[in-house]
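Now for the letters of each chain:
Protein chains: 2
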Amino acid sequence: MNTGPARGMRDFLPEDVRRRQYVIDVVRRVYERYGFEPLETPALENIETLTGKYGEEGNQLIYKVLKRGEGEATGQADLALRYDLTVPLARVVADNRGKLPRFFKRYQIQPVWRADRPARGRFREFYQCDVDAIGSTSAVVEVEMISAVSEVLQSLGFRDFVVQLNHRGLLTAMLDAAGVEAGKHGDALVAIDKLDKIGRDGVIDDMAARGISREAAQSALDRAASDEVPAGSAPAENISAILALCENTPAKGHVKFTPRLARGLSYYTGAIMEIAVEGIGSLGGGGRYDGLIGMFSGEQIPACGFSLGLERILVVMGERNMFPEHVQAAGPDVLVTIFDEPLTAESLRLATELRAGGLRAEIYSEPLRGGKDLGKAFKYASARKTRFATVLGTSEADAQTVKIKDLVTGEQAVASRSAVAIWIKEQMKIRPTSDLQPPPSAS
Amino acid sequence: MNTGPARGMRDFLPEDVRRRQYVIDVVRRVYERYGFEPLETPALENIETLTGKYGEEGNQLIYKVLKRGEGEATGQADLALRYDLTVPLARVVADNRGKLPRFFKRYQIQPVWRADRPARGRFREFYQCDVDAIGSTSAVVEVEMISAVSEVLQSLGFRDFVVQLNHRGLLTAMLDAAGVEAGKHGDALVAIDKLDKIGRDGVIDDMAARGISREAAQSALDRAASDEVPAGSAPAENISAILALCENTPAKGHVKFTPRLARGLSYYTGAIMEIAVEGIGSLGGGGRYDGLIGMFSGEQIPACGFSLGLERILVVMGERNMFPEHVQAAGPDVLVTIFDEPLTAESLRLATELRAGGLRAEIYSEPLRGGKDLGKAFKYASARKTRFATVLGTSEADAQTVKIKDLVTGEQAVASRSAVAIWIKEQMKIRPTSDLQPPPSAS
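Sequence lines, in order, name chains W and C. In case it helps, the working numbering puts the first sequence at residues 1 to 443. In case it helps, the working numbering puts the second sequence at residues 1001 to 1443.
Simulated from the structure, these hints should not be mistaken for lab results. Fair warning: there could be bad hints in the mix.
Cut-off 25 Å, straight-line C-alpha distance, at most; resulting in silico cross-link-like pairs (BS3-like, lysine-lysine) [unchecked claim]:
no., chain 1, residue 1, chain 2, residue 2
1, W, K99, C, K1385
2, C, K1385, W, K385
3, W, K67, C, K1376
4, W, K376, C, K1099
5, C, K1376, W, K99
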């Protein structure tokens, strides 16, 4: 029997979940501080909600779910799994007009599913952390997005990130000026997007293969190499305003006009942005999409959003050892042993007291046969990275005391029952586990 | 275009998410304090992992997902959506033998999907909060489960709950003694389980219709009405031990031997438990299942678990007004307005300062045209339950001050830039929003 997860899916053991939870908590805390509010949508959507929203290729990657009852016979699918968080948002906004505030700023942290071919770092179930602002065309919205995302990365310990910034209107103007005909703009952008990967000559070959003249291709690349925001047009003014305003936020020094930034999705209508980290690639991106919500509501509603890729962030943080100590070793604080069977009730009372005292206390549920299995229990605690273990024999029960063993230093102490929790918490403060070397006997 | 969620599914707007998050955080905190560790499994499982685990009826309620690519033509399904959290746990334990601690105590809080007919309080996507302990047959495990679940309910504000306790072995003995033949035990338990709903006579009729003699039925019900744990057998000793040990934990006074408690699932092998709240019904249940993991690992591994139903808990807490104030009104603390377009940068700086000062600050992204739209912005803030709004005009910018309006009291104050965040936080402490009446002008 195959006991592994399905292909492209992952089980998250406790250490994995703690790391994920840590990053999600940071993201959530920062977004809340910016006034964004949480939204959650169902994993399953009506199939018509999703089809036709992600292009030809996207359509094929949507997981489709058999219709209840008769579907099993006919093979008919009526539901589909969430493919991103933007289309469900657009549906919810259309469905709740009047109920939502005029400016609806929401964040959403949920998994999405894509039937993509699995590869290193590419999974079929993965989390997105999205933040979107609905209802305003002001450049302040883009600035707030960039600022919030920058603060998330800084809070996680990233220093070397750049928020690349461009505008769909500037890309169009650049390609026009270079002599790329309008019908080839999409092809040209796909090619230019690969500049970092395949180099200048590669891009020119690629564009030529797509029927764009080498002269136009070269001209486009020359223009895309400039760092100056071209003057005069409305898109240029928008980008200049965003760049200038970002200097008043935590994004200061991190935003860079990047004329070759294209972004794949076709629904963007204004500013586009992407987070680049040296040697890593993209940790997320976004932009303004003033048309998408209208597909659901019939009414044109401006919107701008940003999506952080949780999985990529986790991989980089793991490689760079960026998780704080308390996330790495987050097992129970203390193991409560049962010295002998008749002492079970007293040991449960001790565990209850320790938990009431704010400690994470695990009970070793098998009695230690009058201490014969103490070594077994200590070994179990050490393997779980639990630093303290309590021993409560008949004499301790009579005296209302407890023996406490520090499994890292090997030290032992006796404390009165009313003082155990305080004593352990003091020890954790005086000598945090990260400062300690294991005792010779344990190595 | 249909903009609603799919049938039986729900969108969670910000207030809903906050309530859900609050309960989930409490559950997680308590379980962690007991030494349970988090596990997460994928939403999609190989279809063979799930089929045959939930009985005939369960099989039909599993959502099946079309195979990537060719599935769309053939209608073949190779994946299925998580139906509960116990079967995936059994698979993970079998898949990670050696990697997991000898006693693996995990909690898991994730959605499951069932293609059930939607009804009041019954949804097709719903969360379960499971806690399971693998590897020990000790009664201490059951005690810890009951204790943890009781502490979760107490932390949420429940006082009137009873953890009903019974044992599969006692049910068998009771039915044997009543003269119900072994082949009819399953039928008898289904009928007895309905006692609260259809009454004594209803149950006897039901059992008679299932081919059980009225004499045996009456005898079984008489025995099920007793509050005494029958003496002598191993199951009876197990139940007596659990009851006695629970008195040393937060479950004290909440556990009740309930001989008619049957629990539907067939995989239980020992103690079974269910949380009953007067007038509400069950908030969750569990029991010992020493055989299930063996279905995946081939090796018999003892286990015991408990599942809390998040959705039911949320409904009851909503009806009884049990959510604390800070969950109800959790919008931003302060709305930062932009008095006029040229003051945008200065207003962004103010927002950055307030956030650094620990406040949740939202920017009203449209400039107020020299104050003409101040009323609009205040109205927006009030609708969002945001108590404070800042106004920063040219004179304030020059003097490095800010005007702050308390939208609940109507009061206005001027503070120096360096003191704004502190001032607002003080106000929130001196007069919490819950103590305040809206000013006459706002009513």
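Each hint, compared with the structure:
1. K99(W) to K1385(C): holds, 14 Å
2. K1385(C) to K385(W): Violated, at roughly 45 Å.
3. K67(W) to K1376(C): violated, 48 Å
4. K376(W) to K1099(C): holds, 17 Å
5. K1376(C) to K99(W): Distance of about 17 Å is within 25 Å: holds.
In terms of the numbered hints stated before, the structure departs from hints 2 and 3, listed from lowest to highest.
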